[in-house]
Amino acid sequence: MSQSVGTTRRHFLKTSLAVAGAAALPRHLAFAQVPAKYRRYNVTSPQGQKALDSYAKGIRAMLKLPPDHPHNWFRNAFVHLMDCPHGNWWFYVWHRGYVGYFEQTIRNLSGDPTFAMPYWDWTQLPQIPDSMFNGVLTPNDSEFEPFTKDIETFTSYIQPALKRYWDGLNAAQITQLNRRGYTSFDAMWNDVTGYTATPPPPHINLENMAFAQTPGARYLTRANPKLSPDVTYNVSPFMVYSGLLPTDFYDPINQISFNSSKTTSHNTPPSGSNVFSTLEGFPHNSTHNYIGGYGPIPKGPWGNMTNNLSPVDPIFFLHHSNMDRLWDVWTRKQQALKLPYLPGKEDFPIYAKEPFLFYVNGDGKQVGASYARDYISTARFEYDYEPGFGEALVKPPSAALTAHHAMTPAKGLMKGNAATVTLSGHEVTSHLASESLASLFALVTLPRPTDASPDRQFDVLVDAPSDVNEVGADSPYYAGTIAFFGGMMRMHGMSSDATFIVPLPKRKEAFQGLTAANGEEAKTVAVTIRVVPSGGGASVLKSATVRAL
Amino acid sequence: MFVLSSIAALAFVVLQAAPSPSATAAAAQSQQTGGAREMTLDLPHKLRKGETAWLLVKVGAIDHAEIQLMTQDGHPLGTISPYGARTGQAAGTYTVPVPADALADGRLALRMAVMESGQAQRAPTTDEVRSLRLLIRRFRKPPPSGANP
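Taken in sequence, the protein lines are chains A and B. Numbered by the numbering used here, the letters in the first sequence go through residues 309 to 857 in order. Numbered by the numbering used here, the letters in the second sequence go through residues 1111 to 1259 in order.
For the record, the hints were derived by calculation from the structure and aren't laboratory data. Even for Gly, the Cβ is constructed at its ideal location relative to N, Cα and C. It is possible that some hints are incorrect.
[To be verified] Taking CB as the label site, the calculated pair distances span: (1) A:SER464 / B:ALA1210: 52 to 58 Å; (2) B:ALA1214 / A:PRO454: 57 to 63 Å; (3) A:SER579 / B:GLY1216: 29 to 35 Å; (4) B:ARG1158 / A:THR716: 15 to 21 Å; (5) B:LYS1159 / A:SER573: 40 to 46 Å; (6) A:ARG472 / B:ALA1171: 33 to 39 Å; (7) B:PRO1154 / A:GLN674: 51 to 57 Å; (8) A:PRO606 / B:ASP1183: 28 to 34 Å; (9) B:LYS1159 / A:PRO421: 48 to 54 Å; (10) A:LYS723 / B:ASP1183: 22 to 28 Å; (11) A:SER774 / B:ASP1183: 29 to 35 Å; (12) A:THR506 / B:ASP1183: 38 to 44 Å.
Could you build all of it, start to finish, from the sequences and the hints given here?
Structural data, given as structure tokens:
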């Protein structure tokens, strides 16, 4: 079903190449044995924050370039609109090429030769990183306004240059565009404006408009940066871990694959027959959509991230850096288990020869014809990742993890609206030490708000001092946010309570009893869980149980 | 084959392909309860050690709505949010991992609701959620000698 070739990681090279047989490696992957030159850091790390400074410099430079320049900020986003695959098995590999060349561009235009695109690990931080609201790192910034003030301004700025670009495309590129339904420049531009002739009379469908005005270009704000509870579940450790579990790159029979469906072209739009992989279908899709306001804002227009012009929002590249990291994690997990990590022998040639024709490299040149096989390895762009969520899957199972899986759910003793849960010190230590598999979760039950309830959003606090009734997302006691949509109470027959699953914090402050008086790990740790309104107030928790994934 | 998956349950509409007799026999009863559709899907057997449960949800054209999946006692299972879909375009099939503790006695008590901002939640139509399949998978273990092809 699948096969293996080389990758860039040093530790893998020491072990797996001997197994796979270096002689069997395709020529283009021979340089995979070179250690990674660049490292993509978690955006919350000091190195990730430093990278954002260079990223912002690069964005400013791209905004200043004329619209005829391939590195112009918006022209770069149109590469995605015109060529991106979704719902098929080229999703990861195409985006690896797209982000990789973009990273080169930022490196060149920022003057930072060490730049590597940081990643946003939404599983660990289910909110937009605060720094991504600074200056040009948000598409709401005033520096975008000369271009995206309104659709007329955007059209007069970019459309003539884009039309000239279109007129210069070769036959192979036009053929690919036709497969997307872009049978003419106007057909493509209709996705920008939302113009449609059906049903008559011709009209603008705001839901199909890819353009977003500056103020509405991103729905989430510095004051409201959190993903919704639904999206938070979609990026949760359970969901991401489950998405990494499949052992086949593509399994046409049983459909539970790491990748989405095999299609005839990467330009084939998703349809009823496409099967979305867990990671593409849930964390990828819903994070995109919610950032743009799809869900909270009725009927559009929505922000950039909801559609194929999403690279206009700089968060796009941190989001896709994380998706790419998860592919890398999955690949290395397969290698560690000595399982295949590419399509099978019959499928591989079809997968590998798919042409990608629209990339622009770091020097501002059209890459020309390149193929999926060119982007299978991270070695093409000489990077690796600072470990993030999921990395524990790559390591051999430890005794600690095994013990964690065997953990009996611990039900909290309720006193008022606070639950005290007693955990073993060993379980807590494993939880704090591991990044994924051993995570502890709380199942919290609280009453659904009534129509008259003033509070619809609640924060889950773990072992916070009793006088702490309001926290930010950076608090060591903060486990997550629960929010209710307005229509829920209208659901007939629904329970008056709702239960949510929330990962426990990864901070020692949330497990104050972990260290015994003698400095050793305590045998048992009692933690108090409360659920308080996000604006502050008394706990509304009805019950809590802690369990391992 | 290493795969143990099987079609365990059929939702409230006929699958695109002809269902197997066992799938038909296991057809779930669904009912509309106010703003949601509820049904109970049966696994062929209770999960065994090393097995995982998955729900495949085939979604038709929901335009820019979302479909929230949860158990009937309120445990979330995931929210389907099509990305980049044009109006009228079918959204595709979504692969939903089902936590073991969302199952009871080898059954999944499922609740599905269509969510559109500014409107009350409602039950999906048979065109919007075209089929459901509850599967069991045991992913393959590493080969004993570690030989890759």
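message: Taking 33 to 39 Å as the stated bounds, is the beta-carbon spacing between ARG472 (chain A) and ALA1171 (chain B) within them?
response: Check passed, 35 Å falls within 33 to 39 Å.
task: Return holds or violated for the Cβ distance of ARG1158 (chain B) and THR716 (chain A) against the range 15 to 21 Å.
output: Since ARG1158 (chain B) and THR716 (chain A) have Cβ atoms about 19 Å apart, the given range 15 to 21 Å holds.
Range hint compliance [Cβ, SER464 (chain A) to ALA1210 (chain B), 52 to 58 Å]: holds, 57 Å
- request: Take a look at whether the Cβ-Cβ distance between PRO606 (chain A) and ASP1183 (chain B) falls inside 28 to 34 Å.
  value: At 29 Å between Cβs, range holds.
message: Quick check: does the Cβ-Cβ distance between LYS1159 (chain B) and PRO421 (chain A) fall within 48 to 54 Å?
response: holds, 51 Å
- prompt: So does PRO1154 (chain B) sit 51 to 57 Å from GLN674 (chain A), Cβ to Cβ?
  reply: holds, 53 Å
- prompt: Between SER579 (chain A) and GLY1216 (chain B), does the C-beta distance stay in 29 to 35 Å?
  reply: Given a distance of about 33 Å, which is inside 29 to 35 Å, the answer is holds.
- prompt: Between SER774 (chain A) and ASP1183 (chain B), does the C-beta distance stay in 29 to 35 Å?
  reply: The hinted range 29 to 35 Å holds for SER774 (chain A) and ASP1183 (chain B), with Cβ atoms some 30 Å apart.
message: Quick check: does the Cβ-Cβ distance between THR506 (chain A) and ASP1183 (chain B) fall within 38 to 44 Å?
response: holds, 43 Å
query: Does the Cβ pair LYS1159 (chain B), SER573 (chain A) satisfy 40 to 46 Å?
result: holds, 41 Å
field: 22 to 28 Å as the expected CB spacing between ASP1183 (chain B) and LYS723 (chain A), which holds or is violated
entry: holds, 24 Å
message: Quick check on a hinted range of 57 to 63 Å for ALA1214 (chain B) and PRO454 (chain A), using CB atoms only.
response: Once the Cβ atoms are compared, 58 Å apart, the range 57 to 63 Å for PRO454 (chain A) and ALA1214 (chain B) holds.
Of the numbered hints listed earlier, not one is contradicted by the structure.
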